[in-house]
Amino acid sequence: MKPKGRTFQRMAPVALFIVLLAAIPGRAAGELTIAAAADLQFAMRALIQGFERQSGVQVRLVAGSSGNLATEIEHGAPFDLFFSADVQHPEQLVRDGAAEPGTLVRYALGRLVVYVPADSPLDFDRRGLAALENTAVRKIAIANPRFAPYGAAAAAALRHAGLYGKLQSRLVLGEDVSQATQFVVSGNAQAALTSLALMLAPGAKPPGRYWLVPPEDYPPLDQAAVIVKRSGQKQLARAFLAYLETAEARSIFRRYGFAPPEKTP
Amino acid sequence: MNWQALMLTLRLSLVTASALLLIALPIACWIAYSPRRWKFLAQAATALPLVMPPTVLGFYVLVAFGSSSPLGRLYQDWTGHTLAFTFEGLVVGSILYSMPFAVQPLVTSFLAIDPKLIQASRVLGASRLATFFRVVLPLSISGLVTAIALTFAHTFGEFGVVLMVGGDIPGLTRTISIDVFDKVEAGNYAAANTTSLVLLAVSFVILALVYAWNRRAWPRMPWA
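Residue numbers (this note's numbering), protein chains in the order written: chain A, 1461 to 1725; chain B, 120 to 343.
It cannot be assumed that every hint is accurate.
Here are the simulated distance ranges between beta carbons [to be verified]:
#	chain 1	residue 1	chain 2	residue 2	range
1	B	183	A	1667	48 to 58 angstroms
2	A	1619	B	123	48 to 58 angstroms
3	A	1556	B	260	52 to 62 angstroms
4	B	183	A	1509	54 to 64 angstroms
5	A	1662	B	290	50 to 60 angstroms
6	A	1472	B	241	36 to 46 angstroms
7	A	1536	B	164	40 to 50 angstroms
Selected chain B positions facing chain A (in silico; Cβ < 10 angstroms) [as the list claims (entries may be wrong)]:
#	residue
8	197
9	199
10	202
11	227
12	231
13	250
14	296
15	305
16	328
17	329
18	331
19	333
20	334
Quick caveat, the hints were computed from the structure, so don't treat them as lab data. These numbers were taken from a predicted model, which means no experiment stands behind them. We put the CB at the ideal spot given by N, CA and C, even for glycine.
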């Protein structure tokens, strides 16, 4: 008689194989993965909640700098929708054939703020950005202007105020606006040029105060979204973009400090 | 090619490797020879960075030395700035991050020494310190070289900690790995590729030199 253990031994590799197969994450039918610029992370969570309630579709969110996410998409990251903090990155993806042509929409206009800890002596209302010249400000955090749109806007605003050369040695670069903000929260930088959206997030408001940089001091932070070419969920992605046009979504955007998009000519 | 970043990274690796050697020698010695039973706790603590993600380490360096912590305020009063965004900050982060790579090889080589040699040295009247420098250390050269090489290499390729606490300042905290990251994010693949190739070549040459030098310590195998 064949001992029972043998059968098990022979079946073990098969069983192991099946177990490993089960470990491969499957993609449910109604699931959407959204890559969003760091300034959007809180607003996007609220939008996703609204969309999930309405459609019953599961949405996953990946946040990062627009440049980083665009690079990942170029290399086949499994995202369905890309929300950038500028228009250039989505346009570039369309040109490179990584995004679906004709799906690019401008969804909001971002605002740049200076964020300082509560005990900061800086008086922006009187001096504007020049208040940053104060020697109590040893480090000013901005997002990396080379690939983060808010970083580019921050550099533009400092240049506009004639401060860039003077303050350059005090600049530290975060990977995105979140990290720039966090440098101030953790007490390592004394000011940050960041996104208004991160200042308004309910439940995640950083301690301290902020000042709105006048919008005419930097090129408008027009933000665009686009559907990723290799997405297998283009219908759902379109449904999400359509949801953004609803009054509910508009009010969420407003609540998180985003103005309606500038009308494309 | 960003030579400034390369030189900065070499400097960071050199400073970290030398500082870590001075710190790791007594720690490894204590772990290897102490009769205390709870020394396994120290061993576990020094091995922690092997398991912890560099982001956790970077996060703690940021918070522990930020101006909202007592330690951070003390450091700030003393130096006038926080530890983050400075070269010293990177050195502190790298020392913590590479600690196991210095301690483990040293402990292993200390324990491989025949205890009779150490006993003989003590019986013949040599002090503990003299025994360490004249018996233990010469017999641990290969462990020493491995420790230096590993910490150097580990720091050279470090990314997570630097990304968390560096602030990407050219010439000060923009190391070569961050430079490559920046270039890839900005979509400048050609420049990223050049830097990466130089990095690859430099790393290989350094490691090859170390292993070539260390070869003399290898015993001749009976079957060779």
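Hint by hint, here is what the structure shows:
no., hint, verdict
1, B:183 / A:1667: 48 to 58 angstroms, "violated (19 angstroms)"
2, A:1619 / B:123: 48 to 58 angstroms, "violated (23 angstroms)"
3, A:1556 / B:260: 52 to 62 angstroms, "holds (54 angstroms)"
4, B:183 / A:1509: 54 to 64 angstroms, "violated (35 angstroms)"
5, A:1662 / B:290: 50 to 60 angstroms, "violated (41 angstroms)"
6, A:1472 / B:241: 36 to 46 angstroms, "violated (55 angstroms)"
7, A:1536 / B:164: 40 to 50 angstroms, "holds (41 angstroms)"
8, 197, "violated (15 angstroms)"
9, 199, "holds (8 angstroms)"
10, 202, "holds (8 angstroms)"
11, 227, "violated (34 angstroms)"
12, 231, "violated (38 angstroms)"
13, 250, "violated (45 angstroms)"
14, 296, "violated (13 angstroms)"
15, 305, "holds (4 angstroms)"
16, 328, "violated (34 angstroms)"
17, 329, "violated (33 angstroms)"
18, 331, "violated (37 angstroms)"
19, 333, "violated (38 angstroms)"
20, 334, "violated (40 angstroms)"
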